[in-house]
Every structure is written in structure tokens, then in C-alpha cells.
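Novice: Since the structure of chain L is already known, use the hints to place chain X on it.
Sequence order for the protein chains is L and X. Under my numbering, the first residue of the first sequence is numbered 1, with each subsequent residue one higher. Under my numbering, the first residue of the second sequence is numbered 1, with each subsequent residue one higher.
Source of the hints: derived by calculation from the structure; they are not laboratory data. The model shown is predicted, which means the values in this text are computed figures rather than measured ones. Don't be surprised by glycine CBs; every beta carbon is placed ideally from N, CA and C. You may find that some hints are simply not true.
[Stated by the list, open to error] Covered stretches of chain X (in silico footprint by chain L; criterion: 3 or more residues with CB under 8 angstroms from a CB of chain L, positions within the stretch not fixed):
id, region
1, 231-245
2, 257-270
3, 282-290
4, 477-487
Read off the chains here:
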Amino acid sequence: MTDNDTIMKALPVLTAKNFASDQEPKWCPGCGDHAILQQIKNVLPELGVAPENIVFVSGIGCSSRLPYYLATYGVHGIHGRALPMATGLKVARPDLSVWVGTGDGDALSIGGNHFIHTLRRNPDLNVLLFNNEIYGLTKGQYSPTSKIGLRTVTSPSGVIDHPFNTAALTIGSGGSFFARAFDRDGKFLRSILQRAALHRGTSLVEIYQNCPIFNNAAFEAFATPENKASNTIYVEQDKPFVFGKDKNRGIMLDGFKPVVVDLDKDEFSTSDLWIHDEKDINKASILARFADDEALPRPFGVFYAEERVTYEDALSQQIRDAQKNACGTLEELLKGENSYEIK
Amino acid sequence: MTDTKKTTRQVNVTSKTSVSVLFAGDSGDGMQLTGTQFANTVATHGTELNTFPNFPSEIRAPAGTIAGVSGFQLQFSSKPVYTPGARFDVMVAMNSAALKANLKDLHRGGIIIAGTEGFDEKNLRLAGYPEGADPLHDGSLDNYIVFPVPVLQLTREALKESGLSSKEVDRCKNMFVLGLLYWLYTLPLEGTMETLQTKFQKNVWMAEANIKAMKAGYFFGDETELFANLGRFDISPQKQHGIYRRVTGNEACAIALTAASKKAGLELFLGSYPITPATEILQTLAKKKKYGVKTFQAEDEIAGIVSSIGAAYGGALAATNTSGPGLALKTEALGLAVILEVPLVIINVQRGGPSTGLPTKPEQSDLFMALYGRHGEAPLPVLAARSPVDCFYTTYEAARIAVEHMTPVICLSDGYLALSSEPWKVESPENLAEITPRFQPAREPEDAPYLPYKRDDRQVRSWAIPGTRGLEHRIGGLEKQNETGNVSHDPENHELMTKIRAEKIARIADSIPLQSIDNGALSGDLLVLGWGSSYGAIKTAVEQAIEKGYNVAHAHLRYIFPFPKNLGEILGNYKKVLIPELNNGQLIHIIRDTFLIAPEGFTKVQGVPFNEMEILNKITDLLKELQS
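Here chain L stands alone, though its shape is the one from the complex (with noise of 0.2 angstroms):
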């Protein structure tokens, strides 16, 4: 029996109910956060890591009241800081298992400098950026992946700024885990957290998420059984890029130009096509930049995934190197390297 199993067997059966805190959700009938947090709680139990040892971290904005409706422990911190706050727990608390809550006002405007510098670190986080395009919380502003031309309360006339593109920030930031999800494909959502969970390192999960109430039907042209087919495709380790009503629609690779093929009419057939490697940081760059292009499907499923080591873990090794003979006391620590005696 590995030491795995006997923690498992030690453990009681938890069920997603649970993870359900004592407090009722706060967000709007028909919000994705609901649909997100269920996934949230039905992937918790599977983790095999006790409640207690389970640390929700947020910012601020309807995201961030995730922490709350959680029975693990939970901190919600400030605008923008909770990728910090994370970090700074994970490295003194390398033992736990550190999720952060966040939106893409909180992770990518206020907090986007902690965006960046989170992922190059790469402390073991599991981070879960529900992207609804929209300022929810302060009620309807644009936000940094609101869509050119939206009209909102502060864009009247429509957004002019150039819109985040999530994946290839994160990848060009040195990111070693993206992944994109949708509130609404709960089955998938639930895989994606999974993975996300056992990869060490930072793992950024960009859940697309519906906000009805300021930006509904934001992701619409995904959410539709006749839309998804056509306008999505779901990327899998080692499969050719299919997609489509009828499975009939490919993606190869033209140099390093994505095309879309009719597997039907053109003269390829699916071993033509793109074979999704998740190591491969050029073809996920490549796959990161498919949103900016609306020829092509919208990707889900885990771009990129890099085995690297986490921050925690090279910090924990250089205490574990400078204590290798023994550890500093209390004693030596005051008398220090140069003193000297006076008779």
C-alpha cells in the first residue's frame, strides 16, 4: 500500500455537500459562478487532501466571494492582490493546497502586475480566473477582455482598448499550466480542474462565465449546440485538431499558420492535421493566439502544461542546502560572524 493509499483510506468519504459552507451564495439567479462552484465541490472530495489543508484565496469582485461558500479555509484579501497573498501563504505553507479565486478586472487590470510575476515564479497554485469580460461587482464597467466596440456604463460609445488575450499573456508571462474551461460545460470544467489540481506548479484556469446581468450572452457564439460544434474545438493531448457538427472540420498547421480544412472536400484526411502536445510551447503560443482570429474555433481544454519547478519547492531546497550541516540557533544568530572580544 502506498502512503497515497493509506492517506486515502485515513480520510472519511467527503461528498461535494461537504465543501458547501454554512453561507448561502450571494451571486445573481443564472450567474456561471454557481454552475463553477458546484464543479468546485465535486472536484474537492476527489483531491484527497483534507479540508483543512485546503486554502481559498480571492481579491475582490463577484469571483472573489468564492472563499465564502467553501468549507476549506478561506481569505478573501483585496483588489487585485490575491495572487500575492497566495504566494506568500504557499511558500510559507508549502503542506497546503493553495486555489485562488479571481475575475478579469481582479487578476488582469488591478492585479495584473501580480499576474505576471505569479507565473514566472510558479508557486504550486491552482488558479481559477472566471472571465465574464465585464465589471460585475461595481456594476457593469468594461473590463481588460471586454470586446472592442462594447457599449457599458464607462465605454457609452464602445470599449477602444484592445481586449487581454488570457492564454497568450500567460504563456508569454512563463506560465507552466493554461487551461480554458466554460461555466457551462460542467463535465469538462470538472476534467479541467482535476488537471489543474495535480499539476505543480501555477495552473491558470480561464473559465469563461456568463454574467447576465451586464454582459450576458457574452460567449454566446460557444454556448449553443450549434454554435459549440462549429465555433470550438476541444483540445487533447496526442489528438489531431477535429472539430465540427459532424467531426468533419480539421486544423493544420501551414508553417506556423493555422488553417482550418474541410476534412470532407479537401484532400487531407486527420493524420494532415495539428497533433495537440501539450509541451509544446510554440504550438500552445500558436493555439493562445486562435481567439484573436475568428476564422478559427475557440480552443478549450489544457493548452500547455510544463513540469517545472515551483517556486516553494527551490526556495525549500536552498533552506535545506544552507542547514544541510546544521540549522542556525538562537545563539549563533546573535553572536553573529564578526565579534569580538574585549578582556
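Specialist: Leaving out everything else, chain X in the frame of chain L:
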């Protein structure tokens, strides 16, 4: 070493009580190293010592200009000294700019040792001397004793067979000067020789060249006729027996945080962003991995404090260090730490402001920000250190209060304390106060529900850290319901929580020492009330005033919020209270506001510390006024 005793001539050695020396030159002349070495030698000799480095904020200001002058001042003495000296007795001026920038602070009749090569036409022009001026020979320095020494030429002669490049040879000139000063003050060369041998372990010929240059300087003093009339000096060491080390304020802060973590049985986490003059705290702690210290150089000041809050939530002794502009950036997070009620130490090493201000110069102008610089009602304890060594005790106390009262604590230092140094009699672990974290123990399912904001009789909540079974709870920046910690927008509850948080801080006054009088009578005409780094200048001034028979006393605050309980009573025991501050008047407002008295302010906002003469003059004037 015996060869330095082989003096060829008998030179008179005079005993002196104390001397203040300034080493000044271009920032490339190695004056900081020279001063540090001299200070180390003096300290290990057992002499009382206080040092203060003073250098430009640019890494390399234009060579030869006033802006590029770097200085290292120290006072060493047979009796305790608390400042580097209001004025110096001896100035080493490696170039014209160094002389011009510092002459005003040299005692009349003081000694100038001038490196003549730094006084050529070009250097004089760069220093801004008028065309044709020649201070070393034109009589303008007749009020001083001037020794022109061709330092560069003599160094080159001494090292002509060293095999080093001319650039490397020239860089040894500071060691020549150091050797000369060792001769002048009858100090041994061994300590510096050892240091050089260690420093240049992989570059033995550099060590040899530096040592040779230093000896050349020493023997030059011995052999030249130049110093025959002046003679040599001896400052006899009087320090108590024991083990000592020399610490700067920044080092002392770093050691204190580590010591507090050890004493409390907690891991130390420092989240920090480099900023002058606070950076050495991060640098020192980054080297303390042997003690399990975790440092995190964050992407900005905000991440510095917020990562520390995360670590504090996780059960670490968490700290962050910064200087004024950085503290401004941290203020939102301070509010979070206040409402979360987690322990956190914030060390603010004050510098001249506002904005970038005078980044390398000391000021005491962040007191208001430390006390009030937060949104909402967010009181937290504020402490201030008075000397480099006191940076240790004050930071340690800040950590104790943070952990035992579950609150962020601001500990104020400044650019003067940060970089200046003094000998510290090594503290023994058992003399340090106990620090007892109150961790909430694990809870069984049948136990009563855990209430994160239930408090003890001091209004302090317990520390429930993740990983503790049965205590899973959610807290955050939103107002909490009393005891349960659940989000609450209830009006009465918010008022209650505001008052509880304030009371928690106010009650810290119950556990801190009463204010004492540092020097002077317990009541009388005048009390000089100080805080922070002006301690040394006030202490010295009041000592001198008392020697003159003046009716004056000195009290110095470590605890600025909350004040010690007896402070009001003390203030009432004197006819007048004088508050010297390196700002435009801040503590004075707080004293007036708290005690409804009318103290006299004395402020200086020049980016330089007080000197004792300024304060002594002010005391004299005030006492005259009182008597008339």
C-alpha cells in the same frame, strides 16, 4: 605584528578622550571601505564608537564634483558616544570637492589630511573653486592644521614592483590613508590585514598590494617630518569585558526579526521590495537561510506586504520592510491586516520626502503616515528605534506585540540609524522576552463551533492556521460579525467592531513598560522629549546641559502608539517640554492633541541628523526664556 613598533623616531603620543574623524573623497575613492575598516579596528580595540556613512544617491555621480562626494564619519571615545560627533576633529579629504563640501563641519583648529593629487587644477575646477584658487596653499585654511600628502604618488611608489596595473595600484590609495590614520591614532594594522587577506583570498597579490599600501601609509607617518609637531594620539579603550559585534540599524532589524521567530518558534517570512535605505534588511535576511528564514523579493511594495499577510495567515512570523514611498503603497494592505487581525511587522526606514525626496537622507517625517495613513478606522501600534543597537530591541518588541496581540505593528527607523553603526554587547538568548503565539487548537466535530473573532480579556483573537482540523473558516476584508467572523453589514455591529479593534490596540498599553527618564531630574524646568534617531544628539546635548548645571531632563519615546500610561504625568512634571524632530513638527501635534499641553517644537528638515550643539543651544535659549 611587530614591525609597526619599529619606530625610527620618538614621536610624542598624547592621550585624548574622543575624536571625530571624517573620511571624505569621491564616491570611487573607497571611503566607505576605509571608514568601515577604521571603525572595525577601533571597535575591536575596545573603544566606544558611533559611525555614520553619508553618500550620494547616484551610484556614480560625476567624479570630482560636490555631488559625487562620499563620506564616512565616526566618533571614537573612551566614554560612551551616541553620535558620530556634531563636528569632526579630523578630515581626510581625498579631493577638492570633499574639502569644499565638508569644511563647514570641521572644528576650528581641526586637522585636514589632504590628498594633494585631488587638488590639481581640474579637481579644483570640478569642485567649483574660482579660477586660480588653491586652498592648500593660499592661506584660506589658516584656521586649520593642514597636511598635504601626495597620497597617490606615495602609493604608486610603494607598489611600483607589485605587478598590478596602474589602475589597480591607484585603487590602493585609500589603504595608504588608512595606514596613516592608524599611525596617527596608534592603532594596530592586524585586523585590516586579516580582512584584506580574507577578502582577496582568490587574488593574493591584491591582498598583498593593499597591505603594502597600508603599511606604506603607516611608515610614512613615522618617517616624515610632517607630523613631528602634531605627534600621535591615543584614545584608551574603556569598554566592559565581553563579546561584542558592530551592527548597523538595518542589520539589527534583520537579526531581531530572526531572533523573534526563533524565540516564538515560528518561521520567519519577509516579503519585500528593494528601496533605499531599507534594502539591507532584505539583503541581510536573504543570507539567513541557515535559520530557516524565507525571504521573498516581490514584484512591488504591495506584493511585499500582501505576501506577508498570506504568510501570517499561514502561521509564520511575517514582516515587510520599506521606506516612505513604499509605506504609502502598502497602506491599503495595512487596512486588511488590521481587519484580519493577523500579526505582521512593518519596518519603515524613513527618508526625506515627499515622493522620491532625498532617498539616501534621514528624516522623521513618516510619523503621521505611520499613525494615521490608512483608510477607515484602523489603529495599529507604532514603535520607534533610537539607535542602531536599539533597532534590535525595538524590532524585537514590535514582533512580540504583533504576535501576542494579533496586530500589524509599524516599527520606525530612519536612514541615519539604518546605515550608522555602534558596538553591541552580544545579547544572550535568555535575556530576550518570551514570545507566545496563541494558536487555536484543533477542534473535534462534537466541540462547540469555532468562533474566529472570539477574544480573550485583552480583546485578542486566537490564531487559527490552515492545517488545523475543525477550524475551517473564512475571513476577509469585509466587515465581520462579532465573534463568528461572518460577513456583516449590520450598522451596530460595524460600530462595535470598530470600537473593539481600537480597544485591542489601546490595551497594549497595559503590557508595555512605563516611560522612564533617560537623564536628569524627575521634575523641573525643562523636559526634552524625543523619539527615534535624534536620541544621540539629544542625549549628548542634555548631558552637556546638566554638566553646566541646567535644570533639564531627557525622555525618549519607544512607544508612540499607544503611549506609555504614565507619559501624561511625566509631561506635567516640567515647566516646559521641548520636542526636537527631523520633520516639520509631527510628534508635537500628537502630544498637544493627547495631553492638551503646549510644548515647544524644534525642527530640522535638511536631510541630516541633529547635532548636539543645535539642541544644546535651543535648550539654553529656552531656559533663558523661562527664567526671564
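Novice: Does each hint hold? Answer for all of them.
Specialist: Going through the hints against the structure:
With 8 residues having a beta carbon nearer than 8 angstroms to a beta carbon of chain L, the region 231-245 of chain X meets the requirement of three or more and the stated coverage holds. Three residues within the 8 angstroms Cβ limit are the bar, and the region 257-270 of chain X against chain L gives 6, so the coverage statement holds. Proximity of the region 282-290 of chain X to chain L, defined as three or more residues with a beta carbon under 8 angstroms from a beta carbon of that chain, is established by the 3 residues found. Residue count for the region 477-487 of chain X with a Cβ under 8 angstroms from a Cβ of chain L: 4. That meets the three needed, and the coverage hint holds.
Hint check: no violations occur; every hint is consistent with the structure.
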